[in-house]
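Sequence lines, in order, name chains A and B.
Be aware that the first sequence starts at 151, since it is given in our numbering, and climbs by one per residue.
Be aware that the second sequence starts at 73, since it is given in our numbering, and climbs by one per residue.
Simulated from the structure, these hints should not be mistaken for lab results.
Computed from a prediction, not measured in an experiment: that's the story for all the values here.
Just so it is clear, CB atoms sit at the ideal spot from N, CA and C, and this is done for glycine as well.
A hint or two may mislead.
What the hints assert, rightly or not - Stretch by stretch, here's where chain B covers chain A in the computed footprint (C-beta under 8 Å, at least three residues): (1) 195-208; (2) 379-392; (3) 402-408; (4) 461-472.
Unchecked claim - Below, in silico cross-link-like pairs of lysine-lysine (DSS-like), each with a Cα-Cα straight-line distance of 27 Å or less: (5) A:Lys244 x B:Lys166; (6) B:Lys166 x A:Lys308; (7) A:Lys178 x B:Lys293; (8) A:Lys210 x B:Lys293; (9) B:Lys401 x B:Lys134; (10) B:Lys135 x B:Lys145; (11) B:Lys135 x A:Lys210; (12) A:Lys208 x B:Lys293.
Spelled out from the first residue to the last, the chains are:
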Amino acid sequence: MGPDTFIDLIGVWIAALLTLGVYSSLIKDTFISKLTEAVFVGVSFGMSIVFTYYNGIKPKIEEPLVRYYQNLHVDYATVTNAVTLTVEKIADAKTLSAESATEELTDEIASRSFDTNRFFAVLDSALYKQTLKLQSTNDVAVSLQSAFASSEVNLVNKATVMGSLNEYFTTYKTVPTSRHFWVLYIFFSVILGLMFITRFFPKHAWLSRFPMAYTIGIGVGMGTPLSFQSQIMQQVQASFIPMLVRNPNGIDWIATAGNLSLVIGTLTVLYYFFFSFKKEDAASRGATKVGIAYLMIGFGASFAFTIMARVSLLIGRINFLQDEWIQGTYEFFKYLN
Amino acid sequence: MKLFLSRFASFWKNRYRAIIYILTFAFVWLALINKKPLDLSVSDATQGALDMVEHMPENHRKKIQEQEELLAKLQKEESVQSSAELTAQIDEAKAYLERLKINSNGVFLVCIDFDAGSDAELGPMAYASIRHAFSLGIKVLINNGYTVMAQPLSQMIVDSAALGGATMPRPYGFKQAGSDFVFFGFRPNAFQVYLQMGESVLSAYETDYSGKPLADMPIMKGIKDIRDIDGIAAYSCNVGTPESWINVANTKFNIPLVVGMTAVSVSDYFPYLQSGQLIGLITGLRGAAEYETAVGAPPVANRRMWAQLYTHAFAIGLIVVGNIEYFIKGKRAA
């Protein structure tokens, strides 16, 4: 668990000193505790931006736009020729190997049917990948070859394969119209996202309401039906439980008490939050008090769990200081000597 | 004596916080020196999580069998009366069956949605469950939910479970990225990503965290959409984020779901366990310790439970002392 390299050791020491820096605020706020807070916020925020760029902006915006731009400058006749030649070569190799194989094996290969769907899926994936790079037709061939090598498409029947390929190219659009719309959609998304920044300019801040409305609308639209089902319907359904639980030996008193407690708790807590009329009679006041008792038990459990969680964090840090910092440093230098 | 007590009272009044801090640190430190694992019984909530992973290969085989039966039934129907719709159904069933057979022991998705702040509690449970899955030959997919900073941490947990080290011996060999597991990394807007996984995992995640295309990985040949996943475990430090999995995985696609939460947030999720929407709930450090003890993982959380025990005893002692002081003061005031 300790540091393996000198760089690791430096990292562990920085982490340990920053941990102690944070805990120094228990004595009083000092320059060190403020510095560690600032380092924590700065590092977290900086890394968040980097991760968001590499995992969101780059694959979803930058790369598709770059591919689209590259696609516009492709000589598709050359690509088509390269694809035809490559597939012909692969089909030739398969046919030849089938012919040169033993009779038994040839029969076995011949019995397999040519999977047109799978063939087009492989072709599509290879074409999609290589036409995005488009440096040379050689790349197209290499990409196709590797796609066919990793697929289970049987290319033994050469005539069928080449026929299908010709048919495919008659319908194959070099840059499909849908791609133009896709780019428009990306631009629309980028502009909508940039509108959030207008909040910094009071004169144009109203523009930020559009992305806000779009985001909230989408979130509510997608989330509401599922949330309603999972958080209301299924929860209500789960509270419909038998008040008297029976087992083969008679009545299961523990389960019965548990179910009764659940039903009483649900009803009294709901009643406590029912403010439409005054609760002046004895029954209402009693039900309200029972509801409060249930709430207090719930809050007590939450508070106890909170202490447990906070202590766990402290334990984690002290565990780090003991195992990785003190013991790790000792073992690192012991190993060096 | 009176002078001593008054001096002690004055000393305590001025320095009680520092004394309590020092004692808490001391209790934790002393407890961590104890390397002996604590004997823990496994709660029903944790047992549910354990069972999901333990029975995954068996359930996956049942799924294959059911699919084979369905395919045979459809083919029989087709032999009597053929239609385009039936042919499409047969093709789909065939493709699904082929995918199921590729990852024959099942596919387990682990969503690591916490950062270093909650690593002490959630790290051991994520590590133990990934190890558990690896030891049963289950293929593991790892993603991140809403927490951006979960990515570097997840990478460490995954590497540690797959490759391990001298201090973390594994009952299985080295696990290969792309064949035995794949780490997708973080994507913004987790809820939309989960929904998109329902349509196609490859469209939600085109590459893994390091930018390698997923389509080329052997493990992904058996995974098209979320239906190909046999169970999900969501480890989260944020209240409200596992609800996305409950909505998508459980309500929409009916996939077994387990949640692991920090102790501070876990009480919000017991209703889901009671309603059967979750089949297991791992509660903070205690749950992690139970899990790793049950599966025989290295005792990381378990060792920390001694410190929990000591500090809880100390906290209860302080509560008792505080109450005694309160009643004495109350009497004096009266």
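Quick rundown of the hints versus the structure:
no. : hint                : in the structure
1   : 195-208             : holds (count 6)
2   : 379-392             : holds (count 7)
3   : 402-408             : violated (count 0)
4   : 461-472             : holds (count 10)
5   : A:Lys244 x B:Lys166 : 25 Å, holds
6   : B:Lys166 x A:Lys308 : 25 Å, holds
7   : A:Lys178 x B:Lys293 : 57 Å, violated
8   : A:Lys210 x B:Lys293 : 23 Å, holds
9   : B:Lys401 x B:Lys134 : 68 Å, violated
10  : B:Lys135 x B:Lys145 : 15 Å, holds
11  : B:Lys135 x A:Lys210 : 35 Å, violated
12  : A:Lys208 x B:Lys293 : 25 Å, holds
Checked against the numbered hints above, the structure violates hints 3, 7, 9 and 11; every other hint is satisfied.
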